[in-house]
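Colleague: Here the protein sequences line up with chains A and B, keeping their order. 236 is the number that the working numbering gives to position 236 of the first sequence; each next residue is one higher, with no gaps. 1248 is the number that the working numbering gives to position 248 of the second sequence; each next residue is one higher, with no gaps.
No wet-lab data here; the hints were simulated from the structure. Take these hints with a grain of salt, some might be off.
[To be verified] Simulated restraints on C-beta separations:
no. : chain 1 : residue 1 : chain 2 : residue 2 : range
1   : A       : 280       : B       : 1051      : 51 to 59 Å
2   : B       : 1020      : A       : 146       : 18 to 26 Å
3   : A       : 7         : B       : 1229      : 54 to 62 Å
4   : A       : 35        : B       : 1218      : 51 to 59 Å
5   : B       : 1161      : A       : 57        : 27 to 35 Å
6   : B       : 1004      : A       : 280       : 47 to 55 Å
7   : B       : 1163      : A       : 259       : 46 to 54 Å
8   : B       : 1161      : A       : 285       : 27 to 35 Å
9   : B       : 1187      : A       : 243       : 37 to 45 Å
10  : B       : 1017      : A       : 146       : 37 to 45 Å
11  : B       : 1051      : A       : 240       : 34 to 42 Å
12  : B       : 1114      : A       : 105       : 48 to 56 Å
13  : A       : 57        : B       : 1041      : 48 to 56 Å
14  : A       : 154       : B       : 1054      : 31 to 39 Å
Yeah, the Cβ is synthetic: ideal placement off N, Cα and C, and Gly gets one too.
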Amino acid sequence: MRSPVGRRTRRLAIAFVFLAPSLALFAAFVFVPLGRTLYLSLFFTTPTGRLAAFAGLDQYIELLTSALFRSGIVASTLFALYAVPFGIAIALLLAVLANQRLRGINFFRTLMSSTIAVSAAVGSLLFLMLYNPSLGLLNYLLSLLGLRGISWLQDPGMAVVSLSLTTMWLVLGFNIIVLLAGLQGVPEELYEAAKLDGASGPRLFFRITVPLVSPFLFFLLVVDTIQVLQAFTQIHVLTRGGPIDATRTIVYSLYLDAFQNFQFGFASAQAFVLFLIVLVLTVLQFRYIEPRVHYQ
Amino acid sequence: MRVGRARRALVYVLLALASLAVVFPLLLALSYSFMTESEIATYPPPLLPQAPTLDNYARVISTIPIGRYLVNSFIVSTLVVLGQIVTASLAAFAFVFLEFRWKTALFFIFLSTLMVPWEATIIPNYMTVRDLGWLDTYQGLAVPFMATAFGTFLLRQSFLQIPRDLRDAAVIDGAGPLRLLAMVVIPLARPALGTVAVYGFLSTWNQYFWPLLVTNQTLMRTTQIGVVQLRFEETLRWGLVMAGVMMIALPTLALLVIGQRQLVRGLTAGAVKG
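Bound conformation, chain A alone:
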């Protein structure tokens, strides 16, 4: 007979065998690197990434006092503020439209959610074509309306908007799929009852639909914010951080400093700040927005 302690250890050992492949990979590519990011950020580094001298918090101080970093924060914030709420709102409208019991509805749902299969690189190239100042279709459509063409990517104020539009299109498929699932959980009787009470279109939407899918809206808020703050490809293909650093978000800035300027220590400080921002934002969202979510 084995002792209870021995059996407990054996059980843990068996479980560990099953968990080991995942844990080893997470250790190697998530936890240890996160620690190394912090460690690297405390040192000045050589162009190959070797530690040159202890910097302490110097690089953080340099970062937080630099105008470039402040404009990076502004770029990331604007990007998230444009792309996330509007991206979710448009997806909600389309999902409501597609939430009908009609013949062939799955065909329309597949088309509307198709951008989930489109890569950021492909989506960015498509929008690069649409944004083209002379040949692009967007400026042609504006001219049909009698409006002047827009310098989508050349104007510093407009570039973030253009990035956000591209990103909204890229996340649209995922957002629609999630919201359709949410809408299908809303009991039809609720609508019938509200209609009997004389409620109509917009009132039904704001009084019933929005509160009942709010858990899904919250899920998208958290996930989309994290995604937008990590966006790289769109910026690399469309603007390369320009014009005049208007789209040099935190991620793009850390890419430039690490892999173009070879300042790995300084770039690591930015990477760690990015981690902290995502962490704090997610905690804040759970703290202040989740209590307003209506769970059935």
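Since the structure of chain A is already known, use the hints to place chain B on it.
Modeller: Relative to the frame of chain A, chain B by itself:
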């Protein structure tokens, strides 16, 4: 919602317009891929090719090794999917069917990896892969992504639905944990495994930042890097770029059509719990 006959036509029109608006950039790219460069440059911008030509596709093939890129992306995505299926089903099995200490704590360690943005660890990860001599290799592209907290979570939810009786019957028959996993659990959790596979394949195929960093040789590049290269040819040819776009987007769009049901069901299961 049920709609009256009178409103049905209107709803169809709106659905058609909305769907068209969403897929419009892809349709335009498809159309451009069959146009000559001079046709694309005409004003007003043409919507459909006058005389469709395959020249752009031929030129993509002669400009970049697109076949090699497709093979590379296919190999890397398949490796990641296989790795994720193995690691995630082993881990999810332990979380559902095994009793052991620190189970909750270990599960939280898994979930906490979702909170670490890949970009926040990309510099040390690049150094690791470089120091292992894995730059320009398939393992350098694939191994960092072979474990998945999202997939483990999804499989856990699916394993939880397996009736206890089935599992107890297998145990009475003398099945050890590994046999239980292979003979009972995996066959019953096929839909969730399908979701993990489709999602893993799509997200790996569509990666850009990581392959950009860890590949330098032309022959080790992946599709996404290859197609963006077309943009930076000496003269920017839109027809060429859009033909390239079509060639690398088609596999994932086809996968979406085939795997849509699976993907939708799996992703929404994740969202409900989120």
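Colleague: Now tell me if each hint is right for this structure.
Modeller: Each hint tested on the structure:
no.	hint	verdict
1	A:280 - B:1051: 51 to 59 Å	holds (57 Å)
2	B:1020 - A:146: 18 to 26 Å	holds (24 Å)
3	A:7 - B:1229: 54 to 62 Å	holds (59 Å)
4	A:35 - B:1218: 51 to 59 Å	violated (35 Å)
5	B:1161 - A:57: 27 to 35 Å	violated (50 Å)
6	B:1004 - A:280: 47 to 55 Å	holds (49 Å)
7	B:1163 - A:259: 46 to 54 Å	holds (52 Å)
8	B:1161 - A:285: 27 to 35 Å	holds (30 Å)
9	B:1187 - A:243: 37 to 45 Å	violated (56 Å)
10	B:1017 - A:146: 37 to 45 Å	violated (23 Å)
11	B:1051 - A:240: 34 to 42 Å	holds (36 Å)
12	B:1114 - A:105: 48 to 56 Å	violated (32 Å)
13	A:57 - B:1041: 48 to 56 Å	holds (55 Å)
14	A:154 - B:1054: 31 to 39 Å	holds (34 Å)
In terms of the numbered hints stated before, the structure departs from hints 4, 5, 9, 10 and 12, listed from lowest to highest.
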